[in-house]
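Given the structure of chain H, go ahead and fit chains R and P onto it with the hints provided.
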Amino acid sequence: MSPEARYVNARVRRNEDARLLTGRARFVDDVQLPGLLHVAFVRSEHAHGRLIKVDGAAARRRPGVVAVYTFDDLGEYGRPAPVLVPPPPISGLVFHPRTHRPLASGKVRYVGEPIAMIVAESRYLAEDAVRDVIVDVDPLDAVVDLEAALTAGAARVHDDLESNAAAHVVQRKGDYAAARDRADVIVARRFTYDRGAAAALENRCVLAQWDRQAEELTIWDTTQAPIPIRNGLASRLGLSESQVRVVAPFVGGGFGPKIMMFYPEELLVPWASIRLARPIKWTEDRQENFFATTQERGQLHDAEMALTRDGRILGIRDTFLFDTGAYDPYGLTIPINTQCTLLGPYDVPNYSSEFTAVFTNKTIVTPVRGAGRQHGVFVSERLLDLAARELGIDRVEIRKRNLLGPDRFPHNHEIMFQDSAPLVYDSGDYLPALEQAAATIGYAELVRQQAQRRSGTRRVGVGIACYVEGTGIGPYEGARVTVELSGKVRVATGVGTQGQGHYTVFAQVVADVLGVSVEDVQVITGDTREFQWGTGTFASRGAAVAGSACHAAAMSVREKIVALAASVLGAEPDRLEVAGGRVSVRGAADRTISLAQLAARANPLRGAVRPGTEPGLESTAYFGPDRGSTASGVHAMIVEVDVETAMVEVKRYVVVHDCGRIINPLLVEGQIHGGVAHGLGNAFYEQLVYDEQGQLLNASFMDYLLPTATDVPPIETAHRETPSPFNPIGLKGVGEAGCIPTGAAFAQAVEDALNIEILDIPLSPDRLFRLIQQAADR
Amino acid sequence: MILSGTFTFNGPRQKVWDLLQDPGVLAKALPGTERLTMSGPDRYEGVMKVSIGPMTAAKFDVTVTLADKQPPERFTLQIDGKGGVGFARGSAAVTLQEQGDGGTAMDYTSDVQIGGRIASVGQRLIESVSRMMMRQALEALDRELRARIDADASGS
Amino acid sequence: MKPAPFEYFRARSVEEAIDLLSEHGPDAKPLAGGQSLIPAMNFRLATPAVLVDLNEAVGLSDVTAQDDGLHIGGMTRHRTLEQSETVARNAPLVTAAMPFVAHAAIRTRGTLGGSLAHADPAAELPAVMLALDAVFTVRSRQGARHVRAADFFTGLFTTALEAGELLTEVTIPPRPVRSTYAFQEIARRHGDYALAGAAAAVAVDEHGRCTSARVALLSVADRPVLAEHARRALEGEPPTADAINAAAAAAAAHDIDPPGDIHASSAYRRHLAAVLIRRVLERAFHSRETS
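Here the protein sequences line up with chains H, R and P, keeping their order. Numbering that gives the first Met the number 0 puts the first residue of the first sequence at 0, with every later residue one more than the last. Numbering that gives the first Met the number 0 puts the first residue of the second sequence at 0, with every later residue one more than the last. Numbering that gives the first Met the number 0 puts the first residue of the third sequence at 0, with every later residue one more than the last.
Okay, chain H solo, but in the shape it has when bound (with noise of 0.2 angstroms):
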């Protein structure tokens, strides 16, 4: 008898928030230990130069002070950290890994890299000796612009490389040349999209605490994968894994940048723990976060749609550069997902799609919430709108031309996706979710309006989009489900938890599974003294991946349930209902047995466990699915653009989207919120400004603007579901949705009240005044 679905596809208030809300939830800052130190680093004020010397003498001399470390005191330690991703086998791929040693050396290629680590009784005083650290460094000309970058007379971010160059990947698909011969038009732009921050509520913390007499190292980071962290920290500082606890508990929010990176605080503070037998602590103050935290977003696009004059796509070809950064461990997860999301949900024969990844004096770039998809949707969608103006063909219909239809399933685009697996997209019905955000944002009417509301000081435009997001990708997450002697379920996951929800959704589905309320299923990830074998929280793929691995852990504790109360009860398995907690025969209200009283008979104190069981009522069961399952959706928005000062208002937002199945529409609208705000916020408020010497101008609230409550409209939400085939419970991923369309979207927005071209997001009211002065002038 299968489970009954209670809580899966249910509104459930989320489990943690009562402890959060309260300020009793841990946070890693929260941690107190007796005899804590405090860490301050010394960061480079300059993106390039060679370092010529460090001394941290007077530093060292200053009382409070215990210790100060530089490049030569790490000897081996000092090496580069790992290649996190490494690129996919993609043919004629060429990729030069160079990752970032803890402590600068030689050279400093970003500012904020740090140079040298302070350890002292206070924050305060750590920070006072950071003045007393003499840095000397020869500046060099920063490589800041990506196509000077490239020039031959360039200065070097990497000497040992010819060029600032760090990788070139060509993909195609059929024969784009030959297409555009056949091509009735052409369009073709240069598209900008730039920098910005994940900008987490909580800024990074590592606490380290060796225990000399137990030799044992426990870490409390802010991480999104803490298991990575702990086999990489353990096997880098000669210990083994049993012997290093890594601990992610509560997080402010990830975003990406939270990721597995081995971030120099990261490698460094754990390391400093052992060595000063002392536990150490180092919290990120706001102003570091700007140069300490990965970003991303920064990306130059020169590409080409070419088209039947009814507006049928015969094929597409982008040339872009992407800036990673002064490193690039992360690999190319970033310009490839741009690669494979520029596709959408259009049928596009033809495809050339080549890239090349370019080292910058500029902070490192790891995927931030989105990861290159937005840079995708933002030329294909922006190219069908210059497509449909050239043409004279409505936005909407020229996009109802080229969707792929609901029998073009599984839909092979032979292009390599991320997770090294080629493109395919699983499943997705796109023209009615199109159909129903244009009925919904008013879509025929608006465009029968359109004179009028170009007129006037207070101009209105609509924007509509779409994209396809691979998400819920490998290689794999575990899941440990217990039930305890009280009757309560115990869930252990290795992901970790920066506000997702994890602690209900996994908890709703084991509830399902279990028949128990889902207040009584406790959940505990982020630990790896808890639980051992994973990867982490990033491309979406929380649920899809850790909630099926807890799907599939309780659906083993189920059976052991039904296997041993059959016996108990004497009674045939098929007889046997699971729910309210208990066990009981159908029809038979008085042969009845509790879980706990179960759990206590799998655990005999006396007698034997047979062989080929095992005691208790615990299952630890995997899930690794053998590709991506492609979410979808469509963004509507409406903007009201005032033309005398160039401010822009967003009037209506509205999403329809399909992430499969849902365990909480509440947590999914939160996510979609979440994302929306975010997307917005790459759109026309966030940008990271660096000047030509690498120097960023805006490393405060002050200057980088995130939008605030007032400046997000209500979203509409509609969700429509095409499950995924990969997954027992048809999950897709929905993390990263909202942000992925709002850019192309706002630019036809914009475009749309004011008929003018938009190709460089974000936009700003100085870079609208001139625009529309441009206009005017024309």
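Simulated from the structure, these hints should not be mistaken for lab results. Please note that the accuracy of each hint is not assured.
Claimed, not checked - Chain R is faced by these chain H residues, among others (derived, beta-carbon under 8 angstroms):
(1) Glu44
(2) His45
(3) Arg130
(4) Thr307
(5) Leu696
(6) Asn697
(7) Ala698
(8) Ser699
(9) Asp702
Built from N, CA and C at the ideal position, the CB exists for glycine as well.
Same frame as chain H, now just chains R and P:
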């Protein structure tokens, strides 16, 4: 950051030229200069303390080098300042032109790179601060120029 | 972002505050709301050796309407000004501007005196006081002196305050007959530093001709600026739409030379100034709320 402009000194060109080569004068004129001494031919070193509003006494170690001197017409300056709140490095090109009315027009074009903390949190103000410091310096130099002219005139 | 070490004194009276400030000279800074000073200290851009806390000093927070005008103590919180009926009746321009001053939470701590002494070019209250032709009372060991707003703001974050002096009170002259007011600013997000802003205090005679048109601009220079060209163009004339347009254009073209930064170029600021001057004048002249 490019900072350029024109300033009219109330005095003849040769006198203005001599003034600009004198570290004692520069030390008095440049706002917040605690010390500026010659450390080599055409090279000065010293300490400047910049105070604007809440920013109290940000100390900078400064090195100024003159080059491409074509007296009394033009020269270039290299400036290197390093302090706790950041650094400023740049060059300036200065030309002096005799005016008919006994004054001297100075044209300056400077490209200064600001880095460190003031660059990352002070962007709203950098242009204003730079313009202000330039104006204060030039007005102070002009005052010094007129004082010298008056002193000469009274035969001291 | 921890501040450098400093000494802390809590003044219980204005006299004590002045004594402490005089004693420690330029190394000391008064602490009012701390909403600008403390962040500057946390960034280590400001490193005062001494902080003199004014928050418990008696007698600095009164708001009273007197014959010679509205008297407001230097330590009056923004929130008090925002909610005060006395202020709304006697200086509605202040009431109109308050919602634009940072955020509600900040307004519970920030003070009038602190904002004026800090003299941030993008601050609202300096411009408001300039438009209202307010007078500031400055006290030191030598006694009290009075400085008009027009003479108080002397440069970027620079005021007429010397070391050892404290701004203790602001006096806003009584409202002229048939006076009306309007305030507007453009900011990227609610509560941000304005890209540009305008505070207008106007009055007309019984025939509807403009007798006074004071528009003060913020965030377009290193200090608040009175739009002289607008004033000269409008005073003595009927405030028609064309007259207002022309006044705004003239002021934007001639009264300011705005700096550029990463948020707005000089040209954009100048353009916004013209738009804002026009809008506040239109709103003020057509406002029905008159004295």
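> Holds or violated: is the Cβ of Leu696/H closer than 8 angstroms to a Cβ in chain R?
Replying inline: Result: holds, 5 angstroms to nearest chain R Cβ.
>> Less than 8 angstroms between beta-carbons is the criterion; does His45/H satisfy it with respect to chain R?
In response: 6 angstroms, holds
> Would the hint on Ser699/H stand, with a C-beta cut-off of 8 angstroms toward chain R?
Replying inline: For Ser699/H, the interface hint holds, since the closest Cβ of chain R sits about 5 angstroms away, which is under 8 angstroms.
> When the nearest CB of chain R is found for Ala698/H, is that gap smaller than 8 angstroms?
Replying inline: Given a least distance of 4 angstroms, the restraint on Ala698/H holds.
>> Hint Asn697/H vs chain R: min CB-CB distance below 8 angstroms?
In response: 6 angstroms, holds
> Under the criterion of a CB-CB separation shorter than 8 angstroms, is Glu44/H in contact with chain R as hinted?
Replying inline: Check passed: Cβ of Glu44/H comes within 4 angstroms of chain R, closer than 8 angstroms.
> Minimum Cβ distance from Arg130/H to chain R below 8 angstroms?
Replying inline: Holds, about 6 angstroms.
> If you take the shortest Cβ to Cβ gap from Thr307/H to chain R, is it below 8 angstroms?
Replying inline: 49 angstroms, violated
> Going by Cβ atoms only, is Asp702/H closer than 8 angstroms to chain R?
Replying inline: 6 angstroms, holds
When each numbered hint is compared with the structure, a violation occurs for hint 4 only.
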